[in-house]
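Going down the list, the protein sequences come from chains A and B. Taking the working numbering, the leading residue of the first sequence gets 1, the next gets one more, and so forth. Taking the working numbering, the leading residue of the second sequence gets 1, the next gets one more, and so forth.
Hints are computed from structural coordinates only; laboratory data are not their basis. There could be a bad hint or two in this list.
[What the hints assert, rightly or not] Here are some of the chain A residues that sit facing chain B, going by a computed Cβ distance under 7 Å: (1) S119; (2) G120; (3) R124; (4) M141; (5) P209; (6) T211; (7) L213; (8) G214; (9) W215; (10) E218.
[Unchecked claim] FRET-style restraints, in silico, Cβ to Cβ: (11) B/P389 with A/A51: 26 to 32 Å; (12) B/P430 with A/T198: 50 to 56 Å; (13) B/R145 with A/R260: 55 to 61 Å; (14) A/T198 with B/A256: 49 to 55 Å; (15) B/G150 with A/T198: 28 to 34 Å; (16) B/A256 with A/E256: 43 to 49 Å; (17) B/E318 with A/E87: 23 to 29 Å; (18) B/R101 with A/A106: 35 to 41 Å; (19) A/G201 with B/G134: 55 to 61 Å.
C-beta: ideal position from N, C-alpha, C; glycine also.
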Amino acid sequence: MATWVETRSGVGRHFLGVRGLEREALAAVLGRAAQLKRAWLEGEPLPQALAGRTVATLFFEPSTRTRNSFLQAAQLLGGLTLTVEAESSSVRKGETLEDTVRTLEAVGVEVMVLRHPESGAALRAAAAASRLAVLNAGDGMHEHPSQALLDVMTLAEHFGGARRSGELDLDVLRGLRLLILGDIAHSRVARSDIWALTTLGARLWVSGPATLLGWLPEEVRRVERPEEVLGQVDAVMALRLQRERMADGLVPSEREFRQRWGMTADRVRLLPAHAVVLHPAPVNRNVELDDSVMDSDRSLVFQQARNGVAVRMALLERAVEGEDAR
Amino acid sequence: MSRLWLTGARLVDPEGGEHEGSLAIEEGRIVELRREARPDPALLRSSPVLDLEGAYLLPGLVDPHVHLRDFEEAGKETVASGTRAAAHGGYTTVCAMANSRPPLDGVEALAAFQAKVAESAVVRVHPLAAVTRGREGRELTEMGRLREAGAVAFSDDGSPVADAAVLRRALLYAAQLGAVIVAHEEEPALSAGEPLAAGETAFAMGFLGQPASAETAMVARDLALLAETGGRLHLAHLSTAGAVAAVRAAKAAGLAVTAEVTPHHLLLTEAACAGFRSEAKVNPPLRGQADLEALWAGLVDGTLDAIATDHAPHTAAEKARGFAHAPFGIAGLEAAFPLLYTYGVLAGRIDLATLVERMSAGPARLFGLEPPALRPGAPADLFVYDPRPELPVDPEAWLSRGRNTPFAGWRVRGEVLLTLVEGQVAYAAPRLALPELLRTGEAPVR
C-alpha cells in the first residue's frame, strides 16, 4: 500500500499510513520532528513553512487531542487553519468525501487532516485530491500513522536520550521489547505501531481478551496473560478500551478487563526498573491504567502528547514542501 | 437446404471424450456427428461449411447463478445485455437469481421477468424464484404456483435464509414439489457485514473480516435441516475448505445435496483485495490459499458439481464508493471460460473434459435442465473456442454493462469465436467469416 503518495501535481505529499514505509523514511520524518521539537521547546524561531497556507482539519469522529495537536503544529509553522465540523457541514447533507475534498481544494486548502470512521477513507480522499495533501489522522481501524510516529519518537527519546543536536537515535529500538495490551483487533493505533516498530526492529508481544485480538502478523507474539512477559519488557503500550466493545459483548466488563489486562499497580511492580508505560490517550483511568501508574514517573503519556505536536509539524512541513524540497 | 456443417474442430464432450470431428446442424438440432475433421466432400456438397480449423467445438456452457438485474437496476445490466454477455462467454443457458429489484417472489413478477426474456434474451434463461416473500426470510412464496410458472429453483440468494425454522419449512415444502432450494451460506451474525475475509489482508486494511465459520456454520446447519426434511438442497458459491469437506461427507452419507464454486474463488485469494481494491470485494469473500486448493480438489473429485459465475454487475460509480461501502460482486460471464481454460486446464489443475462437464452438463443437471451435448438429436447449443490467441482480459470490450472485475489485464489463452443457441447465432466474433446461413439468422428470442 502506498503511503507517501505523489499527488498528480507533484506539489504536496499525502501521508496515509506507515505500513510499508522503509526505515529511512521513518528516520527522515522523525529526525525532522526532533529538530523542530528542540527549536520549539528552546524558544527558537520555527520555520514558517506554512505561512500563507491553509490547513483544514476534517474530523468525522470526535477527537480533541489529535485535532488540536495538528492545529497547534500548523499554527507554530505559521499556517492558517480551518476546522471543518463534519457534523454541521454539507457532509451531513450527504456530500461525498470526494466532493468535500474537491470543495476544500477549490477554496484554497493545501493540506487536509482527515479523521474518518471508514478504513481506507484517507486513500479515497487522496485519490480524489489533485493538489491538496491528505494527512491521515486515523481512518477506521486501518491506520493512525502520526500516532505511531509519536510513539516511536517517545520510545526513541526515552531509551536513547534526546541529543543536543536534535538527532534521534532509532537504533535504540532494535531489540526493544514491547508489550501491547488490550484491544488490538479494533485499534488503528495498534496496527500502525506494530508496523512502525517491527520495521525498526522492536520485538512485540500482545495480550488482551481473545475477543479483541483477531488475526495477528507473524512478527507479533501473543501471550494470554501480561504476567508472562512483564518481567522482561522495556515498555508497555496500553490501548484505550472503547466502551462500545462492552455494548457489543466483546468484553464482559471494565472491572474484569482491569483485573486481567489492566496496568494495575501490582502489575507495574513486575516490570523491570527501567520499563515505561505508554498510552495513546485519552485514558480510562483505573481500567487500562491505574491512577497510580498514570501519574507515576514510568508514564510517558504526556511526553507522547508533546511529541505529537513535533511529529505533526514535520508532517505538515513535508506536506507543503515535498520530500525533495528540504 | 438448411443443413450447415461445422468442420475441422476438436470436439470435447464429457460423454464422447475429445476428438477431431465435424457436425451438421439442421433446424436448430445437431443431425450428424463425425469423428473426422474433414468428412467426405460429397457429404458436404451443397451444404454451407464453417471450417473451425484449430478451434474447439464445445457444448454450450450453463451458468446456474447469474444476476441479470434489469427493471429498477437496468443501469447495471438488462436481460438483453446480460444474455449477450453470456453468449460472448460461451454460455447458452443461464439461471437468473431472484434478487432483482423488485424481486421475483410472485407469479406476476416472474411473468414480468419472463416477458423481458421473451423480448430480448439471446440465450436460454431460466429464472429462480425467491424462497420468501420480499426475500425477507419470513413467509414462504407460493412455490407451487411459481414452479408451474417456470421457476427452475428457489433462492433468496444475495442473503441467506437466516431463520432456521423458515428454511426447514422451505425444504419440506419444496421437497413435496420436487423443487430445489438454493442456499446462500452465510450466518449474518458472524459475517457481520465485513467486506472481506478475516486474515492478513483484512488486518492490513483495518477490517475484522468475515471468519470462515460465517459459511461453515451455515452449511452445517443447512445440511442438518436437509437430513431431517429430505428434499434437495443446492449450496451456492462455496468458498471455504470446511464447506467442501462438509459437502463431501454429506454426499457420502447419501444426502441430496449439490454445490457450486465460482471462477473467482478458484483463482483469487483475499490478497486480491489489498490496497482497497473494491473490484475484488465479493460475497462470500475471497479466502486463503488452502481454501482455494480445497475448492479445486472438490471440483475435480465432483464434490462440487458445477461452476457458477455469480455474475454480479455493478456500475463503476458504485464500486468507487470506497471499499467499505462498495457493493459486493464481480461481473463474470465473459471471462469465466478463458480464465479457467488458462489457469485451470493449461495450468494442469483440471482436464478440459472435466472443466466442460462442470460448466455445462453439471450445472444443467442441478435444476433438471437438458444438458447440452454434442450428440445427434440434441439442440445445437454449442460454442467455438479458439485456444491460440493470447489476450488480456479486457472489460471494455465486454457486452455486459458490468465492467467490475479484478481480472482486468490478466493474460488468457483463447477466445470465444461463436455461440449458437438452437443453431442460431447468439454471439459471433467480428473476425469470423460466417456462412450466409448463419449470417442471415436472426438472434433467437427466448
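State, for the Cβ atoms of B/P430 and A/T198, whether the hinted interval 50 to 56 Å holds or is violated. 54 Å Cβ-Cβ, so the 50 to 56 Å window holds.
Grab the minimum C-beta distance from A/T211 to chain B and call the hint holds if it beats 7 Å, violated otherwise. violated (11 Å)
How does the Cβ-Cβ distance of A/T198 and B/A256 compare with 49 to 55 Å: does it lie in that range? holds (51 Å)
Consistency of beta-carbon spacing, A/T198 to B/G150, with hint 28 to 34 Å: violated (59 Å)
Cβ distance range 55 to 61 Å for A/G201 and B/G134, holds or violated: holds (57 Å)
Hint validation: A/W215 versus chain B, beta carbon distance must be below 7 Å. Holds or violated? This hint holds: A/W215 lies near chain B, its Cβ roughly 5 Å from the closest one there, short of 7 Å.
Okay, B/E318 versus A/E87 on CB: inside 23 to 29 Å? Holds - the Cβ-Cβ distance for B/E318 and A/E87, about 26 Å, lies within 23 to 29 Å.
Under the criterion of a CB-CB separation shorter than 7 Å, is A/E218 in contact with chain B as hinted? violated (9 Å)
Mind checking the CB of A/R124 against every CB in chain B and telling me if the closest is under 7 Å? Status holds, d = 5 Å.
Min Cβ distance, A/L213 to chain B: is it shorter than 7 Å? violated (11 Å)
Chain B contact restraint on A/S119 - CB to CB distance below 7 Å: holds (3 Å)
Hint validity - A/G120 Cβ closer than 7 Å to any chain B Cβ: holds (4 Å)
In this structure, the hints that do not hold are numbers 5, 6, 7, 10, 11 and 15, in rising order.
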